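Here are the chains, one letter per residue:
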Amino acid sequence: NAGVTQTPKFQVLKTGQSMTLQCAQDMNHEYMSWYRQDPGMGLRLIHYSVGAGITDQGEVPNGYNVSRSTTEDFPLRLLSAAPSQTSVYFCASSLDRVRNEQFFGPGTRLTVL
Amino acid sequence: AQTVTQSQPEMSVQEAETVTLSCTYDTSESDYYLFWYKQPPSRQMILVIRQEAYKQQNATENRFSVNFQKAAKSFSLKISDSQLGDAAMYFCAYRSRDNNDMRFGAGTRLTVKP
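Note that the protein sequences, when read in sequence, are chains X and B. Each residue of the first sequence is one higher than the last, beginning at 1 in our numbering. Each residue of the second sequence is one higher than the last, beginning at 1 in our numbering.
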């Protein structure tokens, strides 16, 4: 099992550019989520999905879109990058949304100039 | 919305000694889950220990144990026999049972001195 994989590991964007952060898991987990980590603030939930075709907003969803066409993949899209989106992004998955352990990907460090 | 507070931005401990990291949270729910995650310099988030709010018994995992005080909304992590590999950022997290909300504290950076 590869677990949770994220690509790319690092990315630099210019303001206004768009990009997609990829996330995939091979554990057949129903629940997947995206977090951002900023200095001094811990992790904050951006969007989550409880299964293929079902997504919902977390604590800080503005500026991000997600979709879940398959159980394995959960991409995060930045439509028009802003400097405030400079952060480290983590994808996570678990068997269900509450009890089971969340497995985290290695993170993507994004810088928006 | 639930909030999680870690009041110690940094802590240090001597190797082989015991250290306790503090965490408090605010919620109106009665059923929820609490977690401690470790983040070493590699940036990987690693689950250390988990506590279910409806269980009165404090969770333990080898050298890691918690002191869960539900009425006080306190969830501290005790690390016994500290090892150099324990040096990392530690995050306390709250997960609601009724919705998909998950909140993290700001973290405590633990240094282990040889």
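Any given hint could turn out to be false.
Calculated pairs, SDA-like style, for lysine to any residue (alpha carbon to alpha carbon, straight line, at most 20 Å) [unchecked claim]:
| no. | chain 1 | residue 1 | chain 2 | residue 2 |
| --- | --- | --- | --- | --- |
| 1 | B | 70 | B | 7 |
| 2 | B | 55 | X | 100 |
| 3 | X | 9 | B | 46 |
| 4 | X | 9 | B | 42 |
| 5 | B | 55 | X | 101 |
If you're looking for bench data, these hints aren't it; they were derived computationally from the structure. Nothing here was measured: the structure is a model prediction, and the numbers come from that model.
How the hints compare with the structure:
Proposed proximity of residue 70/B and residue 7/B is supported: the alpha carbons are some 18 Å apart, at most 20 Å. For the hint pairing residue 55/B with residue 100/X, the CA-to-CA distance comes to about 16 Å; that is within 20 Å, so the pair holds. A C-alpha spacing of about 18 Å is found between residue 9/X and residue 46/B, which places the hinted pair at or below 20 Å, so the restraint holds. For the proposed pair residue 9/X and residue 42/B, the alpha carbon gap of about 12 Å is at most 20 Å, so the pair holds.
Note on residue 55/B and residue 101/X: the hinted pairing holds, with a Cα-Cα distance of about 17 Å set against a maximum of 20 Å.
Of the numbered hints given earlier, the model fails none.
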